[in-house]
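Colleague: Starting from the given sequences, assemble the full structure and let the hints guide the process.
Read top to bottom, the protein sequences are chains A and B.
The opening residue of the first sequence carries number 6 in the working numbering; numbering runs sequentially from there.
The opening residue of the second sequence carries number 6 in the working numbering; numbering runs sequentially from there.
For the record, the hints were derived by calculation from the structure and aren't laboratory data.
Warning: the hint list may mix true and false statements.
Repeated chains share a single entry, so a pair holds when one copy, or any two copies, can fit it.
Claimed, not checked - SDA-like cross-link-like pairs, simulated, lysine to any residue; straight-line CA separation at most 25 Å:
| hint | residue 1 | residue 2 |
| --- | --- | --- |
| 1 | K192 | Q226 |
| 2 | K192 | D86 |
| 3 | K255 | S183 |
| 4 | K255 | N185 |
| 5 | K44 | F229 |
| 6 | K171 | N185 |
| 7 | K41 | F56 |
| 8 | K215 | Y67 |
| 9 | K169 | E83 |
| 10 | K52 | N228 |
| 11 | K44 | F252 |
| 12 | K159 | R61 |
| 13 | K52 | A207 |
| 14 | K256 | A184 |
| 15 | K249 | F229 |
| 16 | K222 | Q248 |
| 17 | K94 | V59 |
| 18 | K255 | N227 |
There are 2 protein chains.
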Amino acid sequence: MDGIVYGKNSVLEALNAGNREINKILISKNIHTDSKISKIKELAQQKGIVFQFVGREKFQPYEEFNHQGVIAQISPIEYVDIDDFIEDKSAKEGYSSVVVLDGIEDAHNLGAIIRTCVCAGVDGIIIPSHRNTQVNSTVDKISQGAVNLIPIIKVNSLINAIQKLKDNNWWIIATDASANDNYYDVKYHDMNYALIMGAEHAGVSKSLLKASDFVVKIPMQNNFNSLNVSNATSAILFEALRQKLIFNRKK
Amino acid sequence: MDGIVYGKNSVLEALNAGNREINKILISKNIHTDSKISKIKELAQQKGIVFQFVGREKFQPYEEFNHQGVIAQISPIEYVDIDDFIEDKSAKEGYSSVVVLDGIEDAHNLGAIIRTCVCAGVDGIIIPSHRNTQVNSTVDKISQGAVNLIPIIKVNSLINAIQKLKDNNWWIIATDASANDNYYDVKYHDMNYALIMGAEHAGVSKSLLKASDFVVKIPMQNNFNSLNVSNATSAILFEALRQKLIFNRKK
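Modeller: Following this line, the structure appears as structure tokens:
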């Protein structure tokens with residue numbers, strides 16, 4: 006379902022971020038007012054957003070969602086244009102990073118990856134307009150509202166996006182189980198990098214692997230080559246962050 | 006639901022692991038026979054396990070599960086005794102590691118953590134018998150059958166388990182958002198370690214923090230202190246593995 010954000014944390018993050026138009030917030034009469042609900046009311050009042058206490062029947066259309074008694078009617082997230090993103094990052098001092106998702110099918114994985122990207126300080130996320138779960142309200146909820154805190158770039162062609170990044174002095178890193186190099190052998194702190202993570206079953210497409218500067222693997226133990234894609238993304242992004250923080254400490 | 010394992014990968018892993026008694030495997034008549042289904046049939050035949058092709062109605066009790074048309078009726082996982090685990094690891098050459106889960110509530114998180122532990126080469130997982138999601142068939146499915154590949158130790162008291170580990174030359178590392186040290190400042194390759202991960206909201210209990218030798222944090226960017234617990238576990242365990250593999254390479 007589009008046009009709503011549900012759950013206390015997601016609604017709170019949407020209010021805090023302030024980059025999407027919130028039409029109305031519905032709060033169930035039947036829930037206990039805790040500190041998060043109070044904060045939602047306070048922020049809505051500050052920003053002049055209508056909030057209504059409503060009966061159980063108003064939540065019926067949303068019963069499939071784990072809404073915790075709070076729903077915001079909201080404008081869809083605004084996807085960022087790839088050219089604007091590259092221009093913006095080129096103007097910035099220091100290096101930038103972006104995660105490219107090649108056909109993630111599961112909304113839980115997409116939400117968890119977006120959340121991890123924000124925690125690890127990644128500058129943007131590129132998704133294809135086809136073959137990928139889009140950023141719907143489930144993804145918003147799983148991300149705990151992180152979708153409002155990071156540019157999400159939707160492109161018609163991932164290979165064209167990769168080419169544009171390369172033309173602008175970005176290095177491309179793809180992950181593949183049969184790679185020779187380990188992910189921690191890359192020096193992430195010393196370049197603009199795009200990290201391509203593949204679909205749950207198919208992995209990164211051949212054309213994208215071919216266009217990449219580095220192809221790396223996560224070394225798997227116990228012959229169990231089945232790490233969840235959000236956990237794989239986390240391992241690599243926090244290694245990149247570790248390198249950056251240690252490099253800055255040494256300076 | 007206990008007593009079943011569902012989904013192609015989970016049933017395949019249970020057959021491969023061979024450590025749980027499989028009573029019967031049900032395969033839906035309506036699904037396409039792919040390479041995984043063929044492998045399930047082949048392994049079941051080798052091991053003398055009954056498999057039946059059944060109509061849709063037999064799957065009705067399981068319709069809430071994403072079973073992919075395959076269900077195995079199976080004995081519950083056998084939890085490992087903490088004393089046996091410690092004795093076993095003490096007899097082994099080299100260092101060992103274990104992840105201690107302090108009250109994980111979400112079956113998806115528990116399954117993802119078990120899967121990550123197997124991929125990262127952790128030697129065991131300790132869960133409390135209360136206040137933690139138990140290893141049911143959803144956890145089994147999410148773990149992609151990884152529950153069969155790692156000792157899972159259930160204890161009545163986490164603090165007693167920690168004390169036993171300490172008495173046997175293990176070092177205890179707990180995670181806490183307000184810690185001073187970063188997780189990558191610990192030298193994991195040079196000791197037996199237990200990594201304590203806290204519940205989704207409450208974090209690691211005070212008594213366990215107090216009993217720990219190291220308390221570490223994952224440095225969070227963007228003031229967004231909301232990394233999912235399975236992604237946090239992944240970041241730390243793969244850092245530990247990285248250190249070990251690099252240390253071994255240098256030897």
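Colleague: Compare the structure with each hint and give your call.
Modeller: Here is how each hint holds up against the structure:
1. K192 with Q226: Answer is both: 23 Å inside a copy and 20 Å across each meet the 25 Å cutoff.
2. K192 with D86: Neither: 28 Å inside a copy, 43 Å across copies.
3. K255 with S183: between (34 Å within a copy, 23 Å between copies)
4. K255 with N185: between (30 Å within a copy, 18 Å between copies)
5. K44 with F229: Close across copies (17 Å), not inside one copy (45 Å); limit 25 Å.
6. K171 with N185: within (22 Å within a copy, 38 Å between copies)
7. K41 with F56: within (14 Å within a copy, 51 Å between copies)
8. K215 with Y67: For K215 and Y67, neither the intra-copy (44 Å) nor the inter-copy (43 Å) Cα distance is at most 25 Å.
9. K169 with E83: Within one copy only: 21 Å inside, 53 Å across.
10. K52 with N228: between (54 Å within a copy, 22 Å between copies)
11. K44 with F252: So K44 and F252 fail the 25 Å test inside a copy (38 Å) and across (49 Å) alike.
12. K159 with R61: neither (36 Å within a copy, 40 Å between copies)
13. K52 with A207: neither (45 Å within a copy, 31 Å between copies)
14. K256 with A184: Between copies only: 23 Å across chains, 32 Å inside a chain, cut-off 25 Å.
15. K249 with F229: between (30 Å within a copy, 18 Å between copies)
16. K222 with Q248: both (18 Å within a copy, 16 Å between copies)
17. K94 with V59: neither (44 Å within a copy, 57 Å between copies)
18. K255 with N227: Close across copies (22 Å), not inside one copy (36 Å); limit 25 Å.
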